[in-house]
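Asks: Those protein sequences? They're chains A and B, same order as listed. Everything in the first sequence is counted per the working numbering, starting at 433 for the first residue and increasing by one. Everything in the second sequence is counted per the working numbering, starting at 433 for the first residue and increasing by one.
No lab work stands behind these hints: they were computed from the structure. Take the hints with a grain of salt, since some may be wrong.
Treat identical chains as interchangeable: a pair holds within one or across any two.
[As the list claims (entries may be wrong)] Think about it this way: if two alpha-carbon atoms lie no more than 30 Å apart in a straight line, the pair counts; the simulated DSS-like pairs of lysine-lysine are:
#1 K445 <-> K598
#2 K598 <-> K752
#3 K720 <-> K516
#4 K445 <-> K511
#5 K516 <-> K592
#6 K752 <-> K780
#7 K771 <-> K814
Number of protein chains: 2
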Amino acid sequence: MQYTFSDRVQSLKPSAIREIFKYSSDPSVISLSAGNPAPEAFPVKEIAEISERILREDPISALQYGLTEGYTPLRCFLKDYMKKKHSVGTDNDDILITSGAQQIMDLVSKSILNEGDTVICENPSFIGSLNTFRSYNTRLVGVPIEPDGMDVNALEQTLKNEPKAKIIYTIPNFQNPSGITMSLEKRKAVYELARKYNVLIIEDNPYGDLRFRGEFLPCIKSFDTDGIVMYSGSFSKVISPGMRVGYVIGPAEVIQKMVVCKQGQDVHINMWSQIVCHEFVTKYDFDKHLENLQEVYRKKATFAMNLLDKHLVPNITYHKIDGGLFIWCELPHEVDMPKFCTDAVKNKVCVVPGTAFMAQETDETHSFRINFSTPTDEQLEKGITILGEMAKNL
Amino acid sequence: MQYTFSDRVQSLKPSAIREIFKYSSDPSVISLSAGNPAPEAFPVKEIAEISERILREDPISALQYGLTEGYTPLRCFLKDYMKKKHSVGTDNDDILITSGAQQIMDLVSKSILNEGDTVICENPSFIGSLNTFRSYNTRLVGVPIEPDGMDVNALEQTLKNEPKAKIIYTIPNFQNPSGITMSLEKRKAVYELARKYNVLIIEDNPYGDLRFRGEFLPCIKSFDTDGIVMYSGSFSKVISPGMRVGYVIGPAEVIQKMVVCKQGQDVHINMWSQIVCHEFVTKYDFDKHLENLQEVYRKKATFAMNLLDKHLVPNITYHKIDGGLFIWCELPHEVDMPKFCTDAVKNKVCVVPGTAFMAQETDETHSFRINFSTPTDEQLEKGITILGEMAKNL
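Pulled out of the complex, with its shape left as it was, chain A reads as follows (with noise of 0.2 Å):
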């Protein structure tokens, strides 16, 4: 049989991310090019023992179907969470419970664009959001990122060029893959822009407890009073990515119709993690495993600095961090960079090409990202010395 596919992922590629992932599978091959949390950072002890009540306790409620929106209790306490700690949520808001972060995009994504309409974000920005933007035929701008963010006045510029935009997707703490922190300023900025164009805002936050240096920031929901900002939550950067356990904070009337959507797509969230996550929150001390998180990140990511700084710098250069997973280093400009992260390759080191998170594939970058969560001290050690190498070499 001839297959004929919709229009909408006839040019559709697999995450050029995943295709990566296919050389870190030779076990000879130092992975820096994954985004996986640290696992010794997992509550697996916790996780364990609060398993084994639900089931022993409560079986039926985590076997059986639950509701689209979610395990309410798992819902009321991140409503009342996130209001009392971020000031995150009105009583125009509602709350769903997600596939982690990614199942926002899909489901805001399928309720509010048509083909043909425009999506602004940050340049780079994460590729799993932007394919999901891709996947229903949109088309995708991107407003270049300064050390404080979103430019702001390139934003303004592209709303006023963009009639169709419907949203600005924007990661503003420890930016994937950038590392960079929106500015309160920028904050309040892209807010106000927003309102002005009528556009939503996705505020994507999946690494903002992960902050390990420096004061935290308002999030953009937290001035949100004109119903124009779908906050994104996730647990699987602060208990465990394969529990697949994210959450949407946003107006009423648009959660509603990502409910819909939900039903038809995955019917709910399983049942356990959501019982695990709710039972971890409420019962043990939540902040204080954030706490140790920051220290489990603070030791990784200022270990793997002191290696850029010893290594690559000053022919390659890198935004320092203040918390999240990743570090983006630029290439001196003169340096073909998808043939040096190929030589990485060649050379057993595994890093990410900067064009992997460009809004269009032509977008200029000179960068590559690197994470340092996955890999073991020794690992990054290896890895950046080999980069190092390389770069005397450019």
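Place chain B on chain A using the hints.
Replies: Chain B alone, transformed into the frame defined by chain A:
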């Protein structure tokens, strides 16, 4: 803010059944409207054992990110098992683990259907799947179902009339809601028609293992030498629906596109539940478990049908079933069926009006659906007795 939604979701409504659930949250109302498997059929003890072992011996596998395609040992087991037991799957096929069968409908739709394409389904059919097809702005055309399955003459006429038909959606075993099983002759005829008109078949088989009487019939997929059948399987009815584990076996070329869509939709299915399912089917006696399930459902279905014979027949007739979870009851044609269902709620019994399952809301039906797996025997007895009293006054 004034929200504008995408064309595809403008007219989408929450599942009529989920709306009916609101009545059934009233504890004084007997719900015969659900579709939940019987909780006494869940292998609770085994799942608790497996879970404890996984979280002790290899917790990171259960908690870290996994592959979009699914947990490799589970995929390998299912490929082998479905090939050996049901002759399902060829060398040109691949397998993808999904969130129950529901996500299969979404991923096939997203990969194959453009807006305005036609999906042909049995009329009535499963509302969850129909709503997913609708959510891609497609045209749903129903083909009448006869006591031995889809009317194949009407199917051919529909294929002639619908040049943009891309998919035939069928539930060949104990169809939801009709309870009807398609004969072997018709399975072959539907396959030949799909081949002749170059249309994919989605063979949705969530209830196949719940046959408690009569001979198992071959899957349509077992004839599939041409790569035109997507076989949709699920653990929801045989292990646990709250785990959200299903699987699709189909042409590798189509599965590849579905994998790309799934990357952007939810990344992958919860790892814990995939590993639990794999351990359950490989380390315990899965066939024995299925026999036990069949015994549970034989008892419940027989009990329900005896009550229907006693209280409803001949005023209300129904199709005798050999498996599955549902019974389709037909009112005399002069009776106002929606009013009957509303009156039933007033009398504290909840059933699903047949209109919920029709391809078009205007398609005629005089039937309603009852479920016998979720209520207790006492609830069944009380609920059907009330319906019987209503039937006497028709």
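Asks: If a hint holds in the structure, say so; if it doesn't, say that too.
Replies: Status of each hint after checking the structure:
For the identical chains of this complex, K445 and K598 are neighbours both inside a copy (24 Å) and across copies (23 Å), given an alpha-carbon limit of 30 Å. Taking the shortest alpha-carbon separations for K598 and K752, neither the intra-copy value of 32 Å nor the inter-copy value of 52 Å comes in at or below 30 Å. Taking identical chains as interchangeable, the C-alpha atoms of K720 and K516 lie at most 30 Å apart only when both belong to the same chain, with a minimum of 17 Å there against 51 Å between chains. Only between protomers do K445 and K511 lie at most 30 Å apart by alpha-carbon distance; the minimum there is 25 Å, versus 36 Å within a single protomer.
In this assembly of identical chains, the alpha carbons of K516 and K592 never lie at most 30 Å apart, being 36 Å within a copy and 61 Å across copies at closest. Taking the shortest Cα distances, K752 and K780 sit within 30 Å of each other inside one copy (25 Å), while across copies they are farther apart (65 Å). Proximity of K771 and K814 under a CA criterion of 30 Å is satisfied intra-copy only: 20 Å inside one chain copy versus 74 Å between copies.
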